[in-house]
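Q: Make the full structure from the sequences, and use the hints.
As a plain string of letters, each chain reads:
Number of protein chains: 2
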Amino acid sequence: MLSSGASRVMMMKVPPELVQTLRDSRRVLVATHINPDGDALGSALGLTLALRRMGKEVAVVDRDPVPRIYRFLPGAEEVSPEIPEGDFDVLVLVDCGEIERTGYETLPGQRGLVIDHHLTERNFGDLRWVLSTASSTGEMVFNLVKALGVPLDRDVAVCLYVALFTDTGGFRYSSSCPSAYRAAAEMVEAGAEPWEVTEHVYESHSFQRLALLGKALDRMVRHEHVAIIAVTDDMYQATGSTSEDTENFANMARSIEGIEVGIFLRQIGPNAFKASMRSKGRVNVAAVAERFGGGGHHNAAGGILQGTLEEVRATILKAVEDALGNHQSR
Amino acid sequence: MLSSGASRVMMMKVPPELVQTLRDSRRVLVATHINPDGDALGSALGLTLALRRMGKEVAVVDRDPVPRIYRFLPGAEEVSPEIPEGDFDVLVLVDCGEIERTGYETLPGQRGLVIDHHLTERNFGDLRWVLSTASSTGEMVFNLVKALGVPLDRDVAVCLYVALFTDTGGFRYSSSCPSAYRAAAEMVEAGAEPWEVTEHVYESHSFQRLALLGKALDRMVRHEHVAIIAVTDDMYQATGSTSEDTENFANMARSIEGIEVGIFLRQIGPNAFKASMRSKGRVNVAAVAERFGGGGHHNAAGGILQGTLEEVRATILKAVEDALGNHQSR
Chain A
1 MLSSGASRVM MMKVPPELVQ TLRDSRRVLV ATHINPDGDA LGSALGLTLA LRRMGKEVAV
61 VDRDPVPRIY RFLPGAEEVS PEIPEGDFDV LVLVDCGEIE RTGYETLPGQ RGLVIDHHLT
121 ERNFGDLRWV LSTASSTGEM VFNLVKALGV PLDRDVAVCL YVALFTDTGG FRYSSSCPSA
181 YRAAAEMVEA GAEPWEVTEH VYESHSFQRL ALLGKALDRM VRHEHVAIIA VTDDMYQATG
241 STSEDTENFA NMARSIEGIE VGIFLRQIGP NAFKASMRSK GRVNVAAVAE RFGGGGHHNA
301 AGGILQGTLE EVRATILKAV EDALGNHQSR
Chain B
1 MLSSGASRVM MMKVPPELVQ TLRDSRRVLV ATHINPDGDA LGSALGLTLA LRRMGKEVAV
61 VDRDPVPRIY RFLPGAEEVS PEIPEGDFDV LVLVDCGEIE RTGYETLPGQ RGLVIDHHLT
121 ERNFGDLRWV LSTASSTGEM VFNLVKALGV PLDRDVAVCL YVALFTDTGG FRYSSSCPSA
181 YRAAAEMVEA GAEPWEVTEH VYESHSFQRL ALLGKALDRM VRHEHVAIIA VTDDMYQATG
241 STSEDTENFA NMARSIEGIE VGIFLRQIGP NAFKASMRSK GRVNVAAVAE RFGGGGHHNA
301 AGGILQGTLE EVRATILKAV EDALGNHQSR
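Chains as they are written, first to last, in this note's numbering: chain A, 1 to 330; chain B, 1 to 330.
If you are wondering where the hints come from, they were derived from the structure by calculation, not from laboratory data.
Any given hint might turn out to be false.
One copy or two, either will do: identical chains are not told apart, so a pair holds if it fits within one copy or between any two.
Derived EDC-like pairs: lysine to aspartate or glutamate, alpha-carbon spacing no greater than 20 angstroms straight-line [said to hold, decoys possible]:
1) K280 - E199
2) K215 - D234
3) K215 - D245
4) K13 - D126
5) K56 - D153
6) K280 - E196
7) K318 - D155
8) K280 - D126
Please read all numbers here as calculations on a predicted model, not as lab measurements.
A: Pasting the structure below:
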């Protein structure tokens, strides 16, 4: 997150073979990852709608349902876990680079394409367009749509704006490069409305979510550069909330002055907690997560820990403090 | 907030007389409004630094101190309540259009200029550049700096990025027009770092703030389309927080699904509360505020109410519900 966006000024080059393969296709299957986020759904739907403008027959699948806040996306109602019958000329994985991330064992398609900005270990596909420096898969699809010669209409623009906006943390992460802002300008010109998107994605919290946040913050603990927010089963019961209401709680813990790592612990069983860690950049929380069998990225990682809340808190705090110590002694 | 940004695609024209007056000046005083926000400080400092690059002698005043989260702005340490001695060729009011908003009775300057995107009743100044459709004063100053022929360096870019980013609600409000994104792209190219800005402005909450938010959310009440968050003196005491820790609490109340107006009540005396209202756009809260002697904009307004928390809650709820009724019966 701390790298400069200014180093990525160049225009994004779309591989001509990718453009040609999509042009030549007739029946396309678009798939994305489990627990789809804004970039996954926005990119998948933006591509789906754009390919349909070209006369293609396109289906879009996700093993998991579309989260409530993304159901306003044009085409969201068509995202289905069911793989349609018959063969497909092309399977496009969007915002993920391996079949495993889709939650399906196999997906049909004569040729496999990948459009993603995450680096993966297993390299699925006949043709992979993976740009780890791209702000979002949404920005990549935006450039692909232009390369395909499809005019950006309002529906496609809304999908791609949501993809780009959510994946840059609302233009807050360092992945917010100049080309991301310029792409957003074109999307807004094409009819994406920032306030409409905001209302759906960021101003549609459930009342229960804020009540739950209240209880969690009231019991938040801090140890120097680490803040820990926890949600327990009794808090869910007292507020009528569910785990879906805890999105971004980890970011909240990080948002405190002087805090390097924010931790969110969510009870998932009598003696089990799911931990989400968010770093401001100086601590690699992926390495911390590996110590208890989890994983993730430098600034966002997590895993599952067994024990009472007190035990889990002590374990993860020790792991983060070790990492902080390593950082400070460098 | 609900108007489309797409209607404001045109380039911003900077009045040539404004450019000429600044070019001809030698000693400039820059002033902005009381309780300065990101747009006020970012615009004032961006203009100050750019004029200095031109060899001008520039002082920047604000009657109120720079809030903690904006103290990282280049030049922030020079913002002073003291008006320097001697005469000034030019006084520039930035992000406000009348002397009253600066908190000073008078300010020195042979000519008075205004650069603002708010419409005002009293029209101060010899030369006013007021664009109510501009995303922010920051975007106006960005165009002015270009018209003055000053290269955008990192320090100016950071100031103007903070101005633009904070005043568009982080590109969430409908004031986020295409030209705002394009200006931001140039600022990031010039060295403004989105994550650095975010860390200072949005990820530097005090621990006390989140503890206070916890208590306030735990006691939040909802009446159909209205949510009310209140902070009382005993909550400040229990958490060691102050009124400075309540920024954005009103937005938090608005961010709930189905809520049209979010209200934040902050105790300011034994029997007095300051009310802040935020509307999603369908209710004009400025009109509501006028009913109890307050004021503001369509989507953000407030005022002071006397009474116990229960009395104040009932009064303001009644006023908002009347407005909602008027809206729904239209």
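Q: Could you run down the list of hints and mark each one as holding or not?
A: Comparing the hints with the structure gives:
no. : hint        : verdict
1   : K280 - E199 : between (27 angstroms within a copy, 8 angstroms between copies)
2   : K215 - D234 : both (10 angstroms within a copy, 17 angstroms between copies)
3   : K215 - D245 : both (13 angstroms within a copy, 18 angstroms between copies)
4   : K13 - D126  : within (19 angstroms within a copy, 50 angstroms between copies)
5   : K56 - D153  : within (17 angstroms within a copy, 48 angstroms between copies)
6   : K280 - E196 : between (29 angstroms within a copy, 10 angstroms between copies)
7   : K318 - D155 : neither (48 angstroms within a copy, 39 angstroms between copies)
8   : K280 - D126 : neither (37 angstroms within a copy, 47 angstroms between copies)
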